[in-house]
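If you're matching them up, the sequences are chains A and B in order. Under my numbering, the residues of the first sequence are numbered 1 to 223, in order. Under my numbering, the residues of the second sequence are numbered 1 to 223, in order.
Think of the hints as simulated: they come from the structure by calculation, not from any bench. Values in this document were obtained by computation on a predicted structure and should not be read as measured data. Think of the CB as a built atom: it goes at the ideal place given N, C-alpha and C, for glycine as much as any other residue. Mixed in with the good hints, there may be bad ones.
Label-pair restraints from in silico Cβ distances [said to hold, decoys possible]: (1) T183(B) <-> D24(A): 32 to 42 angstroms; (2) S68(B) <-> I91(A): 26 to 36 angstroms; (3) S209(B) <-> K67(A): 18 to 28 angstroms; (4) E153(B) <-> D24(A): 31 to 41 angstroms; (5) S127(A) <-> V142(B): 46 to 56 angstroms; (6) K45(B) <-> D24(A): 46 to 56 angstroms; (7) S127(B) <-> E135(A): 50 to 60 angstroms; (8) D24(A) <-> V142(B): 18 to 28 angstroms; (9) S209(B) <-> R41(A): 27 to 37 angstroms.
There are 2 protein chains.
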Amino acid sequence: MSSRAVVLLSGGLDSATTLAIARDKGCACYALSFDYGQRHRAELKAAAKVATSLGAIAHKIISLDLKSIGGSALTDMSIAVPEHETSGIPITYVPARNTVFLSLALGWAEVLGAENIYIGVNAVDYSGYPDCRPEFIAAFEVMANLATKVAVEGNPIRIVTPLIDMSKQDIIETGVRLGVDFTITTSCYQVDGEGRACGLCESCRIRKSGFKEAGLKDPTRYL
Amino acid sequence: MSSRAVVLLSGGLDSATTLAIARDKGCACYALSFDYGQRHRAELKAAAKVATSLGAIAHKIISLDLKSIGGSALTDMSIAVPEHETSGIPITYVPARNTVFLSLALGWAEVLGAENIYIGVNAVDYSGYPDCRPEFIAAFEVMANLATKVAVEGNPIRIVTPLIDMSKQDIIETGVRLGVDFTITTSCYQVDGEGRACGLCESCRIRKSGFKEAGLKDPTRYL
């Protein structure tokens, strides 16, 4: 049996490339997305397309109400998404989001007998979210291997972060090489129901400059 | 301002005592429960009563579909709950459940500015679940303090486990001393809609012997 991987898939550029990398490593991939009350829920349509396009064995969307916790411009509609640079950790940070997502991926990995959890976090061209840093990922992996039956029984789980040290340009170039169709991905925090991006939020700005630096035409559909 | 605590509250005996302890320490308590597709969903009614009875400032129930992951007799109705002792980690273990619950508690704690997360795990009279052990809790705390904005900004979060070294008898005696009304708690994995316990599952067996050892009348309503 080939190695199995649960791959966190938002529908954006990074997670699509991460899925392509996991497949390229020979993993049987199980894509996992969350319907968590996000403002940019249209990303779930993109995630479904990406999962199919990159040959995921399954694509699961878990419903989870992070709106009831709030505290972020992505889950509280009364907080505006910034359309220019801000200092510090941005208001688009969702409290404990990657911890929650990785925890649910851990549960599914345990049921599937998957040895790997892939997550497209990146600590170069990123927004300064604390749960995208390598020290967080390393600590999560230690915790995961104390949390689960499979690990206690001798089958450790690895948290794999292939993008961690890549620039946005590297990520885009790797995705292109591995056959990712970026036209079906969505990065925008304010994407509309038609899949059109605002072009102004931080996620759009980072994506735009990535395509520019890679010398590629930006395939994003903007409002 | 008194110290704030998010308290994981299942509606059972342990989490009720944990809430009473957090209150006794002077914390303003925010109780958190999960509607996660559990077989014994009637425990949520008990949790609401316990939260009110012990003066929680708020009681939040987050919806979360762990049924879609399955892998446990508590979330997959086709797997029977064992009614006699089994060896190893029991089939009632829910993959990564405490990791997921603590992660969501972490998100809420961050939004509230709560310094403490209380969880009633116990490593004495327990079922051998890996995510009830002190080494798991310690690793979660390390991870949590790398995951969050508040921690990165210098306000660490503590995971508090007041029951970790107590026997079931100790827990019951502590609860009684702190005014917990055990008649409103529910421990049974197969509790019916009327709140009546099976008396046969492991959770019932541990609870029964706890009352016996404490020399107290068991207030549980059995089928």
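### Task
Go ahead and decide if the range 32 to 42 angstroms is satisfied by the Cβ distance of T183(B) to D24(A).
Since the Cβ atoms of T183(B) and D24(A) sit about 59 angstroms apart, the hinted range of 32 to 42 angstroms is violated.
### Query
Would you say the C-beta atoms of S127(A) and V142(B) sit inside 46 to 56 angstroms of each other?
violated (23 angstroms)
### Message
For the hint 46 to 56 angstroms, verify it against the beta carbon of K45(B) and that of D24(A).
### Response
With Cβ atoms ~50 angstroms apart, the hint holds.
### Message
Looking only at beta-carbon atoms, does the pair S68(B), I91(A) fall within the given range of 26 to 36 angstroms?
### Response
holds (31 angstroms)
### Message
For the hint 31 to 41 angstroms, verify it against the beta carbon of E153(B) and that of D24(A).
### Response
holds (38 angstroms)
### Query
Is 18 to 28 angstroms a correct range for the gap between the Cβ atoms of S209(B) and K67(A)?
violated (42 angstroms)
### Query
Does 18 to 28 angstroms hold as the CB distance between D24(A) and V142(B), or does it fail?
violated (32 angstroms)
### Supplied distance hint 27 to 37 angstroms, evaluated on CB atoms of S209(B) and R41(A)
Hint violated: Cβ distance 49 angstroms, outside 27 to 37 angstroms.
### Query
Okay, S127(B) versus E135(A) on CB: inside 50 to 60 angstroms?
For S127(B) and E135(A) the Cβ distance comes to about 33 angstroms; the hint is violated.
Of the numbered hints stated above, those contradicted by the structure are hints 1, 3, 5, 7, 8, 9, listed in ascending order.
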